[in-house]
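Participant: Protein chains in written order, with my numbering: chain V, 317 to 438; chain F, 7 to 471.
Keep in mind the hints are simulated off the structure, nothing from the lab. Among the hints, a few may not be true.
Said to hold, decoys possible - When the alpha-carbon atoms are kept at most 30 Å apart in a straight line, the in silico DSBU-like pairs for lysine-lysine are as follows: (1) K204(F) to K390(V); (2) K234(F) to K318(V); (3) K68(F) to K390(V); (4) K390(V) to K96(F); (5) K407(V) to K390(V); (6) K390(V) to K300(F); (7) K318(V) to K330(V); (8) K153(F) to K390(V); (9) K422(V) to K108(F); (10) K318(V) to K68(F); (11) K252(F) to K306(F); (12) K437(V) to K390(V); (13) K346(V) to K190(F).
Claimed, not checked - Beyond 10 Å from chain V on every Cβ pair, some chain F residues (computed): (14) P46; (15) I74; (16) D129; (17) H182; (18) R194; (19) N251; (20) L309; (21) I311; (22) C331; (23) S361; (24) N380.
Claimed, not checked - Output of the computed footprint for chain F on chain V, the stretches with three or more beta carbons under 8 Å from beta carbons of chain F: (25) 317-327; (26) 338-345; (27) 365-377; (28) 380-386; (29) 397-408.
Ideal Cβ positions, reconstructed from N, Cα and C, are used throughout, including at glycine.
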Amino acid sequence: MKTIRFNNQESSVKVTIEINGIELWRYTYKADKRFDISAELKKASSHELGIAKNLEDDIHYWRIFLGNHSDVDKKVNITITWLESNNEIAKWIPCEAGPDGKVLVKANSDIEISDSSRFVKS
Amino acid sequence: MKNKLLICFVVMCSSLNSLAQEKKQDSLEIRDFYMDFAVPDITAFSILNIEPTSISKPGSIKELALGITNFVNEKGDLRAGLAVEWAPFKTFNKKTGNWENKSKNQTKFEWKNLTTSLATTNDSTNVKFAGAFRFSPIDQTNPLNDKIWVDSISNYFYSVINQKIIQEEPFDAARHAFMMSANKTFDRMEIPDSLREKLFMPIDAFNSNRLNSLKAKYESTGVIFDRKVVSDGIFEEMKALFASNKLGGKFEENQEEIEQLCLSFTDFFYYYHSRTSFQTDFNLHILKMKEEYKQKNWNKWALQISAGESFNSEKATLNDLKVDCYAIAITTGFPLIGEKWFKGTSFNSFMRNHSQIILQLKTQQYFTPNSVQNNSLSAGARVLLGNYDNRFSFETAYIYQSNDLTDFNQKGIRYSVGAEIEIMDNYWLEFAIGGQNFEDMTGVNILPTFAFRHSFGNENRFFKK
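So here's chain V without its partners, still in its complex pose (with noise of 0.2 Å):
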């Protein structure tokens, strides 16, 4: 769980979901019942949260979706970044990325990736 600290309460937050180096993919992004995201086939996404006071303890959960179809293995980054007024607050790479940042999927199969946040007032 990735604690997410944002300064203002008025400010606007927004999340940018990139994945990049696959062809087949998918995500859910979560929060009890205002957010129930989910895209598949684009570069990547950004989705409006909300005024930052409303998003106070809220806990999001996403899970990502990865296929390969082809028959190499495949390095794929995978970045989640939420945005306090178009600036930075938060980043996140998985867990299961090696050093260099990105997730192994093996040739002819597939993977599922998932994490949580928490948000708090700074």
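Following the hints, complete the assembly by docking chain F onto the known chain V.
Facilitator: Here is chain F on its own, set in the frame of chain V:
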């Protein structure tokens, strides 16, 4: 490219020969009759006959330049030890270059399958440098070049994942509720962020080391899951985590609440452990689909080109480099008859699906000859009739070898007729009858030499993969 283990059983008929020819026949080996139609591995490393322990594979121009400049300085001095393999497609943005030419649903030409290699090595006095490329611009046997096939796999992937997400929604909701309540507990205990991240690891990351080690721990002991036993295990781990964060006192104060948390963690752990039933069969499905595609399209058009050149420098400088040797190989395969030939007939349909011709041209020429390395040129054709895993073969090749230093000069033709069967994945059994017709060194044309041979080996004689 997969390495195929070929079980090669070549049967050659024998016939009468002169005594001289019998002597020659005694020295013949299976390779004398063997026509290798595998695409030769021409790289900077193979051409220098070296096997570097690590090959640098730069992902950017900067990495490539840095990799090379370590071995070639501004003055043009060369150092041994360079081993670089570079694929331009992996460096440049795939979206900006025109890497593929497509027609309807098929990729017709691919620039992305270009790989280059550079290497340097040295012997007692000289530095040698080599460069090579491998290029597979056309491959209609590859399902990934078929948009309809790729779309069907994508649809399968997304439908399985979507189904899984729907199936697991109740669990997601339960997990979320638990995490909210656990966080409130940790808030009351004033647990720092760093420790909190670790405590949540088992339910955060499906593939986390901690989850896997928990699984391994209980699987290895053969313990039937008992909620209390697992919970106690997690309790002990939490205790250790608190202690390592110098929060042992806090752990003692809140022991009862932590015990309850551990029981909840255990319930999620149970879920994860049984979660294998939710795993996708993507791996099995994709391999099955690829096999089916391969069987249906085994004989479609493919082209592979590889070439390399090596240089020698006595002064270990770029300016002093002299060509040592070069090697080129071009291999192509396609159905024996064209799409429009006998169109609409069953003959066309049969031959389009059950025949393949492979053409190959190979040459290696030396500019600084020595007594053991012969210049060689071969041009061969291989016709297959049958199915992907069960077919007749007809082969012939013209071979020319020479060596200026030893005055060796030989040219001739090899040929064979046979059958080959895939007995299991990548294992082939082959029967063939063949012969050869070579001029001897004095130019006297001798009768074809036939022999009885058999061999088992790991030769990869089939075109592609």
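Participant: Which numbered hints are broken by the structure, listed smallest first?
Facilitator: Hints 10, 11, 12, 17 and 29 are the ones this structure does not satisfy, whereas the remaining hints hold.
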